[in-house]
Every structure is written in structure tokens, then in C-alpha cells.
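*Asks:* Protein chains in written order, with this note's numbering: chain A, 1 to 255; chain B, 1 to 255.
No wet-lab data here; the hints were simulated from the structure.
Given the structure is predicted, the values throughout are model-derived calculations rather than measurements.
Treat the hints loosely; a few may be bogus.
As the list claims (entries may be wrong) - The calculated label-pair distances, taken between Cβ atoms and stated as ranges, are: (1) A:G101 <-> B:A107: 29 to 37 Å; (2) A:P102 <-> B:D109: 49 to 57 Å; (3) B:C187 <-> A:W146: 20 to 28 Å; (4) B:D214 <-> A:G74: 33 to 41 Å; (5) B:R238 <-> A:R47: 27 to 35 Å; (6) B:P22 <-> A:D30: 16 to 24 Å.
What the hints assert, rightly or not - If you want the footprint, here are the derived chain A segments under chain B, 3+ residues with CB under 8 Å: (7) 21-33; (8) 90-98; (9) 118-126; (10) 133-143; (11) 228-238.
Ideal placement from N, C-alpha and C gives every residue a C-beta, glycine not left out.
Number of protein chains: 2
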Amino acid sequence: MLVTGRLTVIGIGPGPEAWVTPAVASVVTDAAELFGYGPYLDRLPGRPGQVRHATDNREELSRAEAALAAAASGARVAVVSGGDPGVFAMASAVCEAVGKGPAAWRALDIGFEPGVTAMLAAAARVGAPLGSDFAVISLSDNLKPWALIERRLRLMSEADMALALYNPASRARGAGAKQAFAVLKDCRSADTPVVMATAVGRSQERIVIQPLADCDGSGIDMRTLILVGSSATRLIDRPGRTPLVYTERFARMPR
Amino acid sequence: MLVTGRLTVIGIGPGPEAWVTPAVASVVTDAAELFGYGPYLDRLPGRPGQVRHATDNREELSRAEAALAAAASGARVAVVSGGDPGVFAMASAVCEAVGKGPAAWRALDIGFEPGVTAMLAAAARVGAPLGSDFAVISLSDNLKPWALIERRLRLMSEADMALALYNPASRARGAGAKQAFAVLKDCRSADTPVVMATAVGRSQERIVIQPLADCDGSGIDMRTLILVGSSATRLIDRPGRTPLVYTERFARMPR
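Extracted from the complex, chain A is given alone in its bound form (with noise of 0.2 Å):
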């Protein structure tokens, strides 16, 4: 059989068309059929004859298997995350896919789009909190246990690096950003600034800057991306404007 399909997974954004690379558009045009979280294919323009699977957000596995089992039998296949798609989001779901399936789904053509993940969204929203070295960590304990995201947070704090936390409310009651804050409150000064970035890019966008010790868990859903400075992130109050919030590009030993 000659294989003819394609798959491409691609990252779509935190949520506004200006922020859609014109590649990751592209890609939305072409596709026959387009696989991915419901709310996430809703904001992207249909096009007649085109077939969406929308499934639930906790789906990632069968959602990637189904892409590539429509993918072998020839059709130009688009796996739609939000953000980027390497980021806590599809691509690793279909290369494990692809790893586990039959051989044949190993000849694919297979494809990945980056695109503007929501740390990066959110950091443009108040300056540049990101902007010396950073580490990246979920909060959801759904694929590692809790101790290791415990462990991780106290690692980097060592290090003195800044933090984008993503899925802070995935545990159960949004315990999970209240606990991460308890751990960070164990291990970064009192001060350090904390950004909370909620439905980044949408209408009910909600910014809210706020020192380590004031941070409590209270405001976050599962919307919410939130930034944690080191000991090299500072604040530039502002009148009438939201403060500037940045990690210097300079970095000292930490003491």
C-alpha cells in the first residue's frame, strides 16, 4: 500500500488569530481532518468537507492514535493543541503513539508547527520575567507524582531560576498551585514577584502581579499560567500603567 496520508500537529496559541503562525494556518487549510481538544478547534475557521474529532482534554493517547490511524489510510491530518505543541500538549502524545503502533505508522510523514506557548504570552503581558534562564514545570499530578514536582521546585529555586508553572489547577481542588506555593514560599524570598496570567489573549484575560507571600492559590483555574521570579527579577512601578515586571540579564553566584 503506498502511504499518502500526512499529520501535522500544531500549536494554535493561547488563544487570538493574530497570535496563529501563518505555517500553523496553513496547515488548518489544508487538513482534511483535524483531531484535537474541543474548545481548542472551535476557534479555528472551517472550511466545507472538512471532518473535526473533537474529544475531552484528558484524551491525549487515543486522541493521537486515532489521528495516525486516519493519517495511514491517506488523509491530510492536522493534531490541533493550544500553545505550542511540544509544550505539555500533543507532540509527545503522538510520537508515543507512534512507538507504540504498528510499523507502518513509522514510514508517516509526520510533521510539527510551533507555535507561541503561554509562558511567553504571559510574560509579554508585564515585560520580560523570563528573560534570563527559567525552568519550565506542570503542576499536574496526573503523569508524576507529586513529590517529584515538590523535588523539581526546590531544585530550581536552588539554582536561583525563574518559574512558568503550567496546569496550577489540575489536582483536585486546585491544590496544586497552593501546595507549589507553599514549597516556594519554603525556598525564595518573601518578595520574589509572582505573575498570574489567566485566559492570556481572550476576553476575560485577568493579569494579577503580587509578591511570593501574598500568593495563596486563591484566583487560579485551569486558565491560569503563572510566573514566579528569582532573586534577579524586579519591579518598575508605573503611573497609571501595570508594572513593569523583568529578570535581569545579569545574574551574580547565589550566596
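Got chain A sorted already, so can you dock chain B onto it with the hints?
*Replies:* Relative to chain A, chain B alone:
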């Protein structure tokens, strides 16, 4: 004096126009004055009457100050970064200049437009090497002591996190990447997958995938982005295609 100027720091992505967001393209079109590293400005379409200030890559702070002065005098100004403006780029320098500059600069309308950063474009070329928690470190010791870079590389390895390494060739004679690999060999498995992506998205693009044991810093230049796997990073060989490299979404406590 009524201040009518505006300054926007934009990220034009790693190379091709298809990775420039519509939001960034529109800032470029609207700007009366563009400030940036010459090769980045050269990538942008021009329009009559638009003034371009091309500067050397090492003059971030003075470039930021010149751009702020132009905005303060009423111009619509764009400060141009490659990739994303908030990742080892101009956003932090602009904030620093505001903090150090005249009080009037704090009243300016200043914005930031995110872009596709090099690590996400590099990751997309091979699959999802940054598909779980990861850290982002610049190997340049222009702005921080090498001892701090080494310390961070060791702590990130203790946390068993994948790495994106920027600026691997900014140390004299490319010693940065060579020294970084020496440190990483000391604390990660010899078969850890490493991706070296040079000039991603441009005609000279070169992607090399090899085990950490074989990495000695050769073949790396200032256009190279290095991705280093964790213990959960896998390689999937494919007939007639480059292997897929991805980090598993699931993670365990390291022993």
C-alpha cells in the same frame, strides 16, 4: 508635553516569514522606526519613510535607550528580536533601560509581542524533546559567571529535566558548549539524546541527533540551539526518515 509615542518589543521568530505572527507583522507595518540587530531587520519587509536603526548584537542596553528616546519624542517604535523578545532578547534590556532612565519613560506606552522562540522551533523539527518539564539556560558567560552556569546545569541534571541551551558559541572559541557537555557527561547517562539544531527554518538548517557521549562541541556555532534529553527522553527510529525524539509525558522519581 503630551506623549504620543509607543514602543513595542517584538519577536520575529527564528527565520521564515511563515513563523511571524500576524500581530508582529502588523507592528512592523505600523512602525515609523525599527531598532534591532542588523540581520533581524534585514528579514523584514520595508516600507517607504520607515527608519531603520541597525546595531550590533552586543549593544542591547544602548539600543533600548535609543528606542525609548525615539518613542518619548513621539514616534511609533518597534524593537526587533529574533525568536521571542522575552527569551534572552530585547524585552529585558528595554525594561532595564526604563528602570534606569528618566521618569518620563515610565509614562510611555510600552508593549511586548510574543513570538516563536528558537527552542520550540528546534524541538518541532524532531518531535517533542521538551514534552515534559524542562529548563532553559544561556551558555553565554558575558552576563553571568561560568561557575553559575555549571551549577545550574548540575542542579537541572539532579532534577532530571530536559534542557534547552541558548548561545552555545558566545564564549571564546566555542568553549561554552564543550564545557557544558563535559559537565553534563558527568551527571547524565551517556546515551542521553542530544539535538543540535543550527539555523532552524533557514536555508542552511542542519539538525544533528546524537548521544551525549559523542557530543564534544564540534559543529556548533552562534546559530545553534542545543536540546538535551532527560532520563525520559526516547528515540524512535524510522525507515528513511530522521528519528523522532521525545520526552515521555509520564515521569517517575529518580533513584
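*Asks:* Now tell me, hint by hint, if it's right for this structure.
*Replies:* Taking the hints in turn, this is what the structure says about them:
1. A:G101 <-> B:A107: 29 to 37 Å: Check failed, 58 Å falls outside 29 to 37 Å.
2. A:P102 <-> B:D109: 49 to 57 Å: Distance hint for P102 of chain A, D109 of chain B holds at roughly 56 Å.
3. B:C187 <-> A:W146: 20 to 28 Å: holds, 24 Å
4. B:D214 <-> A:G74: 33 to 41 Å: holds, 38 Å
5. B:R238 <-> A:R47: 27 to 35 Å: For R47 of chain A against R238 of chain B, whose Cβ atoms are near 31 Å apart, the range 27 to 35 Å holds.
6. B:P22 <-> A:D30: 16 to 24 Å: holds, 18 Å
7. 21-33: holds (count 4)
8. 90-98: Satisfied; 7 residues make the cut.
9. 118-126: With 5 residues close enough to chain B, the hint holds.
10. 133-143: holds (count 7)
11. 228-238: With 4 residues closer than 8 Å to chain B, the segment 228-238 of chain A meets the three-residue bar; holds.
Violated hints amount to a single one, hint 1; each of the other numbered hints is respected by the structure.
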